[in-house]
Each structure stands twice: as C-alpha cells, then as structure tokens.
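Those sequence lines, one after another, are chains V, W and Y.
In this text, residue positions in the first sequence follow this note's numbering: the first is 1, and each later residue adds one.
In this text, residue positions in the second sequence follow this note's numbering: the first is 1, and each later residue adds one.
In this text, residue positions in the third sequence follow this note's numbering: the first is 1, and each later residue adds one.
These aren't lab readings, by the way, just hints derived from the structure by calculation.
Predicted model, so just to flag it, every value in this text is computed and none were measured.
Here a beta-carbon is modelled for each residue, glycine too, at the ideal position from N, C-alpha and C.
Any given hint could turn out to be false.
Stated by the list, open to error - Below are the SDA-like pairs computed for lysine to any residue, each with C-alpha atoms no more than 25 Å apart in a straight line:
#1 Y:K279 x Y:D322
#2 Y:K97 x V:A14
#3 W:K182 x V:T491
#4 Y:K175 x Y:L209
#5 V:K507 x W:G171
#6 V:K7 x V:T18
#7 V:K512 x W:P468
#8 W:K338 x W:A311
#9 V:K472 x W:W175
To be verified - Pulled from the structure, derived: some chain Y residues nowhere near chain V, Cβ distances all over 10 Å:
#10 E149
#11 D197
#12 L240
#13 R339
Stated by the list, open to error - To be clear about the criterion: a stretch of chain V counts as covered by chain W if any three or more of its residues have a C-beta under 8 Å from a C-beta of chain W, and this derived list gives those stretches:
#14 109 to 116
#15 156 to 166
#16 271 to 281
#17 328 to 336
Read off the chains here:
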Amino acid sequence: MPYGDDKHKRIYEALVNTLGEDYVEDDPAVVEAFYRDYYSYVSMLPPRVEFWVLPGSTEDVRAIYRLANRLDFPTSVSSTGLLLATCSALPGYPYWCFIDPKRMNRFWIDPENMYAVTEPYVTIAQLQSETMKYGLFAGVTGAGSQGSALATHLGANTQWTGWRTGRGRSLLGFEWVLPTGEIVRTGSLATGKEEYWWGEGPGFDSHGLWRAGALGPMGAFGTVTKAAVKLFPWPGPKIIPTEGVQPEKKSVLPRDTFRTFVYSYPSLEACVEVIRELAIAEIGAVASQSNVMELLMLATGSREEFWKKWHEPYWQEQIHHGGHMVMMTLWAYAGPKQMAYEEQVLKQIADEYGGKPIDEREMEWLHDSLTASAVRDTHRGRYMRLGPLSGTGGACDSLYDAIRSIKEGWRLKKLLTPPMGDGGLYDMGNENHKMWLADYGRIVTTAVGAFGDKTVEFEMWFAKNVMPHVVKYNNENHIFSANDPFDASLTGHKYANIHRYIAAIKKDLDPKNIASPGRLVNMKNMEKMAAQQAAT
Amino acid sequence: MTTMLKDELKAIVGADNVSDDPQVLAGYSSDISFVPSCRPIIAVYPRLAEDIRAIVKLAIKESVPITPRSSAVSFYGAGIPSEPGILMDLRRMNRILEIDPKDRKVKVEPGVTWATVQDALEKHGMMVASPLLPHRDKSVLTSTMEREPMLIVKSEYNENFMTGEVVTGHGEFFWMGTALSKGMVGRANPEAFILGTKIFRGQQGTLGIVSWANIKAEFLPVMDKLYFIPSAKVEDVALPIYRTQRLMLGGELFVLNNHNLASILSQLGLGAFAELKAALPAFTTVIVFSGQKRMPEKRIAYEEEAMMGLAEELGFKPTQSVAGINGSDSALLKLLRKPWPEEKYWKFFPKPHFCDIFFHAPLNRAPEFHGAIARVAVKHGYPVDEIGVYLQPVERARVAYQCFTFHYDPANLVEKEMVRELFLDASRVVVDMGGLFTNPYGPWADMVFSRAAGYVRVLRSVKRAFDPHNILNPGKLCF
Amino acid sequence: MTVVEPKVNNTGHRVWPVAPTDDWYHKYYYDMRKVTWNCARCSVCKWIDSWEVKDARFAKVCPSHHRYLFDAYSCQGRMDLALAVIDGRLNPDNAPKLLDVIYKCNTCGGCDASCKRHQDMEPLRVMLDLRARMVEEGALLPQHMPVLESLKKEDNTMFGRKADRGKWAEGLRVKDATQEKCEVVFHAGCAVSFDPDLWKMARGAVDILNRAGVDVGILGKDETCCGCKMFDMGYRGEFLKYAENNMDAWKRAGAKTVVTACADGYYAIKRLYPEIGSKFEALHMVQVLERLIREDRLRLSRPVKMKVTWHDPCHMGRRDNDRVYVPGKAIMGLYEEPRSIIRAIPGINFVEMFRIKEYAWCCGTGGGVKEAYPDFSLWTAIERIKEAQAVGAEAIVTACPWCERQFMDAVSEMGVGMKVFDIIELVQMAI
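Go ahead and model the full structure; you've got the sequences and the hints to work with.
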C-alpha cells in the first residue's frame, strides 16, 4: 500500500475535513483490525484497508462517496463486520477506504404496523430487546443476533423463524446512497414521505438488487443507511428470562408457549416428506432439519462437553443411524389450545413417517437451549467453538432439490476423505447435513460439512483441496451455490450472461467503480472481456 | 412498413397468429380506464417462448416497440400501448406446464387464467391463493407479477411469484431465481442471487416478457368457518384486525363496505342490492378459519375461541351470517378460492363501468384516506355512499391495500368526465397523503415518479440493462 | 497437518481423544498465537450476551469499543493486533497508535466473558500478556511514567506520600500488624488510603470486623500497593515486587487471612498471589458481611428507604475466576453476596441495572486507563451512572473504592443527584 504518498495524504485530509479527525483513521494499528473473519489465513495476505472512516449520517456517507469519485479511491462498507472477507480490501486497489457505520445506530418501532426502521449499527439483539416490549419479534439469522439488523435483512436473511416468514423477505422501504452520492429511497419512501412500511416498487422492485443472494450486493451498489424491517408477533415475555452465569447461562422460555421437539427419521427422504407434511399442516414457528452436531453444539458450553456428549452411546447411536432429524419449535400465539393441537399434529406426522423422538432425558437437557437459540443467539460465534465449518455442499432451492444437494455434499466429502470426515480430523459421520427451511419449506438452504481445526494448515488445505472440487462440481452442473460467487464475471456466462446485466447496472450506478470494486462483478474483468470481444 | 412487419411476424408465428384487422386493433387501443387510447400497428399471438424471442429480436431490428399483455381483461390501462407498435397478446400461451404438488407450485404460461388454473389445481386439492374475486379471464401471471394482494393474509403465503423465464429487451432468455441454475431441480427460490426475481415484479413488461412462471400453489383447506365482523364506521375496523393478527388467526381476511358487499351478494342472488346495502353494516370484515387434513375441526376451534376471546375484550360481534341472510357465509366461502363465476364481472354493477383507485397504506390510516377520498367525491358531486370500499390487510395487517371504486355510465359523458376528474384529484390527494401506488398505472406514473427522482434513477438504470433499445412497453412506469 | 488417530470403542464407533491429559491447558488451549488465530471476528466481544439484552441503550459490554468505535479498540481488534505483533507485522515504530490501542482498555474482562460463551478462548489473558510483552520489549506508554514514579518513590499508585498511608485509620482501635500478631490483616489499598472521602469505608470495615470479634490488624503506613494495577498494565516485575513484599509482611504478622474492601486488592491476593506461592486466604468484605448477616451475627434493623442499584466491580466479579480457565465452567464472581446483603436491609428497594454480574459495565478505572486516559475513564463511569438513572435508582452501591471514586466524579461531572455508597456504608446505615 502506498501509505504516506501524496495521494494518500490528500485523501486523508479530505476525509478529516469532511468527517472530523475523530472519525478517520489510517494508522496501521487501527486498520489491522479489519481484514479477516472466519478464516484467519488471510492475515498472511495483503492488502489491508488504508482508511477507516465512521460516518454519522446519510449525508456523511454521501460526502464520502463524492470524495471517492473525485479523488478516485475504492470503498467498501460493513455494519457489524461479521463477514469481512466480503468487504476487505482487494489486491490491485490501493487507497481502499472502509466505511464503518458504527455511529449510525438509531432505530424506531411502529408497533401497530409491525415494522422497525433501523440504521446500520443496530444489532438484532438490540432491536429485539425493544420490539419484544411491544409483543413483536425480529428474526435472527445464522450469523447471530450480534449481527446488524439492517445488514442481515439485505441478502439471504436466513432466519430460524423463516419457516413462516420466508427467506430474504423481511426488508421494507429503505434509504440508499448510490456510489455517486445520490440518495435513493424505495417503496413507500420513494415519493418523499417518511413512510417506511412498504418495500416494493413503485413499479418494479429494487429489492431485486439487494434482497437476494447469500450476502446481497456486498456494497457494490452503494450503502443502505436506513431500512425498515418487518416485525412479527411474539407471544413470549417482554424480556428474555435468563438464569445462571456464562457459559452455564440458560434461558427458559415458558413451556406453555414455546415447546421444541426433535424427531429422528430413518432417512433423508423421510425428513423431506415430514417437512412437507408439517408445511401443509401449517404448524410451528421454527423448523429445521438438524443433526447431532448442531443440537449438541447449541446445548453444550465447551469443546470438552461437546465431545463428551458426542461420544456418549446414545448420541453415537443417533449418528450411526444417520441422525436425520427434524427440529420444530411450536409457539402458541393463540394460547394453550394451539400448543395442544400443534403438538398432536406433529406427533401424528412423526408417527406416520417412522419418527422417533429424541430420548426424553436428552431432550430435557436440550430443550431450553434449542428453544431460546432460535429466538436470539449468536450462532455463528457458537459454531466457531469447534472450528471453522468446512462445507462440501450447499444450495438453496426447493425442498426436493435439497436431497440432490445434500447427497452431492456427502459424495464430495467422501471423495476428500481422509482427511475430512471418516478417518480425518474430526469424525462427523456421514450425516452431517442441515436444512434451513423457509417459507414453509418451499425454500431450503442446505449445508453439508464438518468442523476442521482452526489452524493455518487446515484452512489452506481446505481452500486448496476442497473448494476447487465444490466449485468444479457446481460449474459442471450449472449450479449456483447458496453462497454465490463474489464475482459474477467468472461464471455469469453459464447463467444467461447475468454478469452483463449486473455490470450494466453497476456501470450506471457506479461509473467510477468505487463501491466494493471486485465484488458482485469485477468491472476490470468486464472491461477486459469487452475489449477482447471488440478486438475479435 | 406494416406489411413487411406483418410478413416477418407471420414467418415467426404463422399467419393465424398475426392480425392487423382494424377492429381487433381497436380493441387493444383502450380499456375502461382513463389512460389515453393508442392503437397498435399490429397484433401478434406467440405460442412458444421461442416465438417471443424472435419477435423481440425483430422489434429491435425494426425499432418497433412491443406492448405485451397476458390478460384478456384490462381495467387499468396497463395493456394499452403508449406508442403504436406491436401488441403482443400472450393469451394463446395458455398451458399449465406443470402442477407440482410435492414442491407446491404450478408452472404456467402467461395466458393461463384464474379460471383455468383454479379448476386444474382443484383436482389436486390445491389452489393459487386468490385475490378478491378476480376476473375469470384474468391472467394469473399478471396478478402475481403485479403483486395483486391476496385474501389470505398470512406472511407465509405472500410473495407468491417464485421463478420464471423471461425474454429480455436484448432478445435473450433470462431466468429468475433458481430457474437460472439448470442443475437445480426445484426452480423455487426467487432470491437465490442478485439479480433477484423481485426486479421483474411490477415491471409491466418493461424489462422482459415472461414466458413461464412458477407460482406457489397451496393446499385447499378441507374445512372452513367464515365469520363476519360488523363495524359501524371505518374507525372501528382496524383494531379487531390488528389483534386477531397478533394471534396469527385466520386465513382469508378482508374488509368490504356495505356497497361492495351488497353488490357481491346481490349478484349471487342473495337479495336485492338496495335492501342489502341498507341492511348491511357500514363495514364488514370477513375472516375465515380453515383447517387442513389433520384434525381441522380442532384447529378451527382454537382459532375461533381465541377470536371470541378478543371479541369479548374489544366489544366486537362476529357472526356467521350477515344482513340476516342464512347461508351468506357458505355462499361467500364458495367464491373466495375461485374467480368471479359470472360472465359479467361483479364490478360492472350497479353501473356499466367502474374506476378504481387502489394503493397501499397502513391499516390504521384507512379512516384518514377514507375521509379524504370522500371529501374529494363530495367536491366532484359523487355520492359518497356509492363508493365501493375494499380494504385488504397484507401480511398479518402490517399494511393494507385500499381500493375505492367509483361507478359510472360511459354513455353519460358528463358523468364519465366527472369520475375522471374525481379519479385524478383523489389520486393526487392519496399521493400527497403518503399512500403508495405500488403499481403506478396510467396517470399515477407521473404523479409518483415525478416525486421519486432517486428511485427513477435506479429504475432507468435497470431498464437500460435489460432493454437498452427501449422497445419493451415504452412509456410505462417512468420510461 | 495433524491427523489424530481414533480408537474404536465398545459400540464399534471410532472415538477421538477429547483433549490431551498432560499440561492440557497450555498445550491445548493457551497458546497466545493460537488464541489470536482462533478469533473468528464474531463480534460478540463488543456486546453483552444476547439473551441478556434488555434495553437497546445498554447492550454493549466494551467501554473501549463503545467510546472509540473503531474495531481496533475492541477485543477482536486487539486479537488482530496481537497476531500482527506476534507475527512481526506491527510494532510501535511502524504503527504509532499501537500502544494507544493496547492501553485504551480497562481489562475489565467483559469481552472475555462474552467470548467464553462461544469459544474456549482466553482473549483477556492474551491482552494482558500483550501488555507484558510490550513492557518487556521496552515499549512503555508515556502516560504510565508518573504512576511508576509514584510507586517507586512512595509505594503507591496515587501520588500520595507513603508516610500518609495509614492516616485513614487514625483513632481506630485496631492492631498494628507490623508490631503485633494477628490472624487477619485488613488491607486498605491505595485507593482508600489516599482518598479521605473513602476513609469511612475502610474505617467501617474495621469496625465491623471488630464487632464480629475478628482478630484483625493493619499495616498502616507500611502497607504497600497490592500490585494489581501494575499486573494489569503489564508491569509484572513491579507486581511481583509488591506481591512479595506484602506476603512477607503478612507472614511476619502471622496472619492466615487477608481481608480487603477493594476489589482490585481482593483479586490480586485471591487470584494472582497464589501463582507466586501465596497460601493466604483472601476475603472481600462482602463475603464477611454476607456471612455475618447469614449467621445472625450482624443485625440490620434500621430501615433504609432508598431505591438502590448494585454495581458489580470487575475484579471481584467476572475477573474473580481461576486464572487457568476451565472451559464450560461458569464465570463466577462475588455476585450473590452483595445482593443478599442489600436485600437483607429493611426498607430498601433494590433494582438491578441492565448489565450485571458477568456482564457488568466497567467503572472505567481498570487497566491503567484512569491514569493514562482520564477522559475515557470518566466517560465510562458516566455511562454507568446513566444506566443507574435509567433504572430509576437514587443510589448506586458498590464494593470497590476505585469504582466509588469514579462514580462520585461522574456524578459531579454530570451535575446529578445520584448518591454513591460503598456497601459497608449502606450496611452501617442499617445497623
């Protein structure tokens, strides 16, 4: 990085003049905190961002973008910074400025019309703590409730409660600063009123640029500075009850209103049929196809405890028999009779498909952790206790497509075993599959994986040996994985030339390519391809 | 030019599927809305997706705009060309390509109507969640693409457009959602990746012409119980709805004023319009409790009990009949999952034409909008008690679609002009008050987009990406 | 790459060993670089546990991150920094703000408590070891120099004169432990000894011990700093010097138990001194009070009609844990004792703040922050007073003189009427 050169100094001065000294940093000690997330081996790779700025308002974001256009420097943005790899500096783009909206932390709630308007640095936990006082609920994603409520609603937004509320469905009107510095307001905000309750249109829907993919556009279309998110009825207490001290803390939600059931089924196919039946019956607030690893991970407080439980005969038996489990939490919105009814229906379905309930004692141990986790938890962090989740499979399509996707994940895992899976570092058994269910099982995001060791060796090995297989399979079979590629220019030709459409929009909204360059679609690649095409 | 165009179109779709008959073309040039008429040069009826593609490529070559339409019915001007060009009528692409009870969806071509699809799905015990009494010949695809609100208010039922295939203004195929990914089998996920399916909803044919779509299909309940909740004034409507929805009760849920409900019931033969209207409460909320195959009576029972608990608390009185008509609940229930059964659409009563103003706004502002529109009606001399009002809560009443209907006789030019002025005036008031025309048809487009410079910027950017030659329905929305 | 061979168990399944059995902690868990490498940037360290968030305004656990906002000032940021230092990428010469980032941290351990919910990690230990490493390498924060001078010259961190150290006890009937044997030594601590506003707390403590018939003595002007601050600031040599000095003095007094009313002192004696061979029992006054009340040896009969809230001092709260963390074990501290004491006071109206026990918001004095960054330190305390106000408390009660002085200063700065009490004072009001 050309730290300290004239351009760097000029940019720094301009940023300080715009935002104030307290809110601009370029010291290596400060920017060092911003380059990695899940995988730490990137610590060995340059570059780092050069500037880190804290805007306090939409106008500040606007001003930063204007500066970026005038002085020609790249930017990226992230709220709580959970998935930094999507926002960190890329090689070949010096003077990278990271926009960190931590000062933008206001929100308000319209309880009657069930939505909340939030700025980027409000976590789901914060939002929920206030919405619950009104009997309302904001769903939490796999990233965890320490993630930004706004950011998690852009992109996949795969919520535990998405069984009912869908995937990527909870974003309403929002305010957005284009990379040119222009401000766009969508939905009910579009006509200049401070009305956030509707997100679509007018006309066709700009949500298609945001509320899609695993991660949304990753800042490539600008920064969302305020967004309204849907809230849903919450039949539980105003404050989440807790007892004990970390990491032995428990949260016991009232069992007359929240009850979790886990049934184990003979096969993956049986799981799918059960999920479909549950969907037709329209019961449950939380549903997912789960596995032994996940259940134990959510309920145990340490690696030791996890592995101890894992090796207990009962759980080994579950793993041995495939561990095809469906977990459902019933929320009795309308009272105890709803609970009784739904429980009866669930048991009926389970019986029909050969479901066996988890052992009563084990379920009693698991129950409160599973129930409370789906409401509010910091899942991603918890998964990390056991190491990075190293996936060989994953897709996001219909329920029946999930069978294809999971079986493919198993096949790849076996191909790469050892050292993954059997005989490898950590034996997860063959069954470690998970389905995130949304929209009554119409949309399923699958995952197949094992935990690896969080060492540089494993991470490098995984990146070099596993990922290429996954990418190759997806490419050969024309499958977009659940985590779409960071750069559509590489694969877009397989998918109706989607990269050209994205690039055309990107070029228009960000003519100088200063917003997350290289993300979503690499414009430099696109220019090269266009030049090559023109030459031929 | 027209002859050459005709010949080229014939070469694509066959002579039977092209028409320059003046009467035919006149039929496309206007509808009951106040959108200015414009006659297309030629009408073409593609049968296959490849036909659409070829026609678009031709249109690019000849620089001729295309106005696509899927529906035989057009009430709001969306299907009227803004410029003379090719009118692409997709009604002959009317196959149901697949009914998939496993993944609960139905794959339809654009010309599939509500009548066709509901009849076909009924055989599988399924349905597409319906709007309020759609016209039997209306395209299902049009309804879902245009985000027509459905009667079932559950969040889980919303977003019923899944994936699809579209021909863009480049004359290329594009697919929405996981339909883009050939290796996936479900084609069910609209939000798989940027650019998501949402881009195409509400596009009014300006980005691409849809050749097929996957739409959610739901299972028909096996048991239902319908209740009417009367309200003496619009101010009383919202609270019972908000509270029942906090408990996640009910499936279909909607509100009609006495004018609209009397119109429907009288056309079903349940009484005389005027008497019914006098007997009905000012507003009636209809709520349906339904059960699927597993112990439906128990489900209905607990929901009903929960509602009765609220009724006692809040002082509203649900009944199973309305205006003293026995069987009014079952009569209405029969209608709710099917299109309007009669030849003559219910809204063409009590006068031959109607004019709707519909927009979205929070339910608790319904009285405000009601009052404002009533005042505009009075100003223009339209009797307030002849306005049809339909409130459709969306997603557990998070917001409400609000529809105000004015009736007139088109042969009475004075009346027609009065309604036209009223329509424009009331529309402006709605926009000023913050109501949102999410589908800005006709004159709404200018009212909305003139205030939405930032949003227009983005729309035009997407438009240029998908239709760089601006041949797809130019003049619609903000293009 | 390491591949661990499984064994086959009696159900025929392959079983991996759970953890090494020899020196398991250091070889398996605490490798400084391993901990920094394991940080996955989940950002949980910036917040209290998500289940505990009751009010959006009071959801943060890290004062440093809340104040300075850049992620570098969070535990996660310091993990990145530590990794960079260990790997040689950063040092004070090529990163001018390195020491600033390291030291703008109260070492309160809130991040550590949050992290342990998810990971079997020791991020606080890394941060403390990083400081020690900086000091070892001669990278000293200039703002620490006056404190070090004061210690060197006067054996305290308060810039007071050593000769004045025992003044708080003037007129008090208590043994001079330098002259007489006693079973228990009461360690007043630097914060109390040189702050006349706080003397009443120490005097109250001795009074209570006397009433309970405890054979207690004090070292008076011969008492020296416990060394806790020095440890937290990274000056382990200084810490060791004072620890050894104190242990010698207590040994000479024949004491077996050391009681203090200072959380820092309690932590040092209870948790740090054993690592250098101490066998002294360490008690905080809240433990003594709780026991006396429970055994009915101290009767609280006078009503105290006040709405009070309790502040958990970090060093007797979440930091009061084994230095060698046992993964999965609760991060216990002296949480219940003070609550039990307060509840025993007739007429009291006790309300909890939003962030309590292992998630208590720090008062701002720890880690050398008060000495090096007084503005940040005071800001932290003001945030806590705001929280006390938010729950409607008239008074904030605690059991550490550092916290008390902070809160008194914060209240004065804010110009509000919140009262600040040590729990001993509150108890005395009820006797």
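Cross-check of the supplied hints:
Annotation: proposed proximity of K279 (chain Y) to D322 (chain Y) holds, straight-line Cα distance about 15 Å (limit 25 Å). For the given pair, K97 (chain Y) sits about 21 Å from A14 (chain V) by alpha-carbon distance, which is consistent with the 25 Å threshold. For the given pair, K182 (chain W) sits about 13 Å from T491 (chain V) by alpha-carbon distance, which is consistent with the 25 Å threshold. With a CA separation close to 12 Å, the supplied pair K175 (chain Y) and L209 (chain Y) stays within the 25 Å bound.
For a cut-off of 25 Å, the pair hint linking K507 (chain V) to G171 (chain W) stands: about 21 Å separates their Cα positions. A distance of roughly 16 Å separates the Cα atoms of K7 (chain V) and T18 (chain V); the hinted pair therefore holds under the 25 Å criterion. Distance check on the hinted pair: K512 (chain V) and P468 (chain W) sit about 21 Å apart at the alpha-carbon level, within 25 Å; holds. Distance restraint check for K338 (chain W) and A311 (chain W): the Cα-Cα separation of roughly 30 Å exceeds the 25 Å cut-off, and the hinted pair is therefore not satisfied.
Of the supplied pair hints, the one linking K472 (chain V) and W175 (chain W) holds, its CA atoms being roughly 22 Å apart against a limit of 25 Å. No beta-carbon of chain V comes within 10 Å of the beta-carbon of E149 (chain Y); the shortest separation is about 27 Å. Non-interface call for D197 (chain Y) relative to chain V: holds, since the shortest CB-CB distance, roughly 33 Å, exceeds 10 Å. Chain V leaves L240 (chain Y) outside its interface by the beta-carbon criterion, the shortest separation being 29 Å against a cut-off of 10 Å.
The claim that R339 (chain Y) is not at the interface with chain V holds, since no C-beta of that chain comes within 10 Å of its own (minimum 13 Å). Beta-carbon proximity to chain W at under 8 Å applies to 5 residues in the region 109 to 116 of chain V; the threshold of 3 is reached and the given coverage holds. Check on the region 156 to 166 of chain V: 4 of its residues sit with their Cβ under 8 Å from a Cβ of chain W, so the three-residue criterion for coverage holds. Figure legend: the region 271 to 281 of chain V, annotated as covered by chain W; annotation consistent (4 residues with Cβ-Cβ distances under 8 Å, at least 3 required).
For the region 328 to 336 of chain V, the proposed coverage by chain W is satisfied: 3 residues have a C-beta within less than 8 Å of a C-beta in that chain, meeting the threshold of three.
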